[in-house]
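Residue numbers (this note's numbering), protein chains in the order written: chain A, 1 to 161; chain B, 1001 to 1428.
Hints listed in this document are in silico derivations from the structure and should not be mistaken for laboratory results.
Listed next, the in silico DMTMM-like pairs over lysine to aspartate or glutamate satisfying Cα-Cα at most 25 Å (straight line):
hint, chain 1, residue 1, chain 2, residue 2
1, B, Lys-1175, A, Glu-56
2, B, Lys-1134, B, Asp-1176
3, B, Lys-1134, A, Glu-81
4, B, Lys-1148, A, Glu-43
5, B, Lys-1134, A, Asp-59
6, B, Lys-1172, A, Glu-56
7, B, Lys-1134, B, Asp-1145
8, B, Lys-1148, A, Asp-112
9, B, Lys-1134, A, Glu-101
10, A, Lys-78, A, Glu-101
11, B, Lys-1193, B, Glu-1217
12, B, Lys-1134, A, Asp-112
13, B, Lys-1193, B, Glu-1319
14, A, Lys-153, A, Asp-142
15, B, Lys-1386, B, Asp-1202
16, A, Lys-2, B, Asp-1145
17, B, Lys-1148, A, Glu-56
18, B, Lys-1134, A, Glu-56
19, B, Lys-1368, B, Glu-1208
20, B, Lys-1175, B, Glu-1190
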Amino acid sequence: MKIVILGIGQSLRSDDGAGLGAVHRWKETFPLTANNALLTASETELPGLELLNLLEGFDAAILVDAVQSTAKPGTIHKLREADILGFSETHQSAHGWGVAETLQLARRLNIDLPRNILLIGIEGENFSPGISLSQSICAALDEVAQVIEDSIKIFQDIPDQ
Amino acid sequence: MKNIEVPALARVEGEGALYIRLKDGSIAEVELNIYEPPRFFEGFLEDRYFQEVPDITARICGICPVAYQMSSVQALEAALGVQISKQARDLRRLLYCAEYIESHALHIYMLQGPDLLGHESALSLAEVAPDVVKGALRLKKAGNDLLKAIGGRSVHPVNTCVGGFYRWPDVKAIKDLLPALEWALQASIETVKFASGLKYPDFEMDYEFVALTRPDEYAIYDGEILSSKGNRITVDEFENEYIETHVRHSNALHSHTIASETTYFVGPLARLNLNYEQLRPIARKAADESGLRLPLRNPFKNLLARAIELVEVCDVAIEIIENYAPKGPSFAPISIKEGQGSGASEAPRGLLYHRYIVDDRGMIRFAKITPPTAQNFAQMEADLWKYAPSVLDLSHEEATLACEHLVRSYDPCISCATHFLKLTVDRA
Chain A
1 MKIVILGIGQ
11 SLRSDDGAGL
21 GAVHRWKETF
31 PLTANNALLT
41 ASETELPGLE
51 LLNLLEGFDA
61 AILVDAVQST
71 AKPGTIHKLR
81 EADILGFSET
91 HQSAHGWGVA
101 ETLQLARRLN
111 IDLPRNILLI
121 GIEGENFSPG
131 ISLSQSICAA
141 LDEVAQVIED
151 SIKIFQDIPD
161 Q
Chain B
1001 MKNIEVPALA
1011 RVEGEGALYI
1021 RLKDGSIAEV
1031 ELNIYEPPRF
1041 FEGFLEDRYF
1051 QEVPDITARI
1061 CGICPVAYQM
1071 SSVQALEAAL
1081 GVQISKQARD
1091 LRRLLYCAEY
1101 IESHALHIYM
1111 LQGPDLLGHE
1121 SALSLAEVAP
1131 DVVKGALRLK
1141 KAGNDLLKAI
1151 GGRSVHPVNT
1161 CVGGFYRWPD
1171 VKAIKDLLPA
1181 LEWALQASIE
1191 TVKFASGLKY
1201 PDFEMDYEFV
1211 ALTRPDEYAI
1221 YDGEILSSKG
1231 NRITVDEFEN
1241 EYIETHVRHS
1251 NALHSHTIAS
1261 ETTYFVGPLA
1271 RLNLNYEQLR
1281 PIARKAADES
1291 GLRLPLRNPF
1301 KNLLARAIEL
1311 VEVCDVAIEI
1321 IENYAPKGPS
1331 FAPISIKEGQ
1341 GSGASEAPRG
1351 LLYHRYIVDD
1361 RGMIRFAKIT
1371 PPTAQNFAQM
1381 EADLWKYAPS
1391 VLDLSHEEAT
1401 LACEHLVRSY
1411 DPCISCATHF
1421 LKLTVDRA
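This is chain A alone, in the form it adopts within the complex:
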């Protein structure tokens, strides 16, 4: 099972960088898993349609990104692909191609995507320009790292087809 762990977000927009921070924390906390040759960990700020190329060739993908809903800041959401497609994008950048729309486009075009996609969303509170994460996010990073690690184990237990 080839797995990609992808931190997504703009590091210059405060909590939007939560996904990048979480993937960093996971690498520091679980170096043994992170060095596994079947795992690829990468980071991307605003992938747009490039997301499709980043997911190409993997059996499973764990996307870690900041989200904004009504939950308490720092809340960790675990969304399967079907749940992600319901999320609408609010930021207006890279010509409007967000994660949800890009995945939706790929499914519509029958483009080869990983069979299993999980989005770990971290509820952010401050998305204004800046490079630091809010207290609530910092406090959640260890737990997010653990969720990433557990999710990898779950994916690794799925038999290859």
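Assemble the complex: chain A is given as a structure, and chain B must be docked to it using the hints.
Same frame as chain A, but now just chain B:
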């Protein structure tokens, strides 16, 4: 008919709004309101070492970073009196081709195309014409892969420096892309057929077109500045002829010609009208077979011009790759001295001008950047004054969409265009 209000323009890069206010059934006010905050790039280039400039200005745009690198390195090479090798110039042209491929494919199929095909977005287009959208993604990928092979990554490439390139890209990595580009060339020829078969809104303006020009090439990387009014100037003379001014409702500056204080048009339509003669045979054939009649004065047909340019850049890219055999140093030696220089190139959206003053330690003392979208804003508003009355009989929703489409046909890059010379605070 109610006022036309689009508080957040979709399928454009950046944040802007469109307002058309009506009074007694006729247009009273047209406003492209650019509320994306100014980004102060020119300000924070000051006191930076000249060699940092191409990597900083590349960050102005995720769609056209190469354009910002190309105009800035040429301006700094002029300031420092550096001559680059022909090999380096060829590689820069190749890098620019890569950017055109990804940017034009995106705009044709994902941004403006859906308007002409009656779709809300590429997502809904994908439902009825999946092969079209799939082809578009493949075309875009060919461009992004080439960007990556030369510049290390597919968005915001590095490697370009004042004097040439930090290192020559791997020959095999570049040559391996030939099949993808051969495919892209054919797909581009098909794109011209696709574009010429679309039904464009009936609208023409008597534009002053402005673009770079060269006698020997379809000018993208460098050239002199030509206007359809006949004026031909060197890049150094740009600021004598064209000026940017503030308007109250926008965080982007608006451009005018100094002599007549009129608007002008930069971008694909301007390039094609002024430089058709310099197209290579394959692009010319594709253009002629599409039934092209110049001059094109319909801004919606920017899309057709982009399609013809796609053919041109794929053809050029293939030739440069076939001849790619780098020898010797990848950059010219530089002796630092005080100086001033300007540079211009044709970003996918139009003429992009830079000017820098460098001190005797190589530090930037002054930076000026005039992006294409800022030059086009005043023209877009002028277009809307003329176009909007013709759509007022449509339903409110259709009229709004028609005006939005007009703006989108310019492929405005609002993020690139938001900059201020200085910030004034009104405390009335």
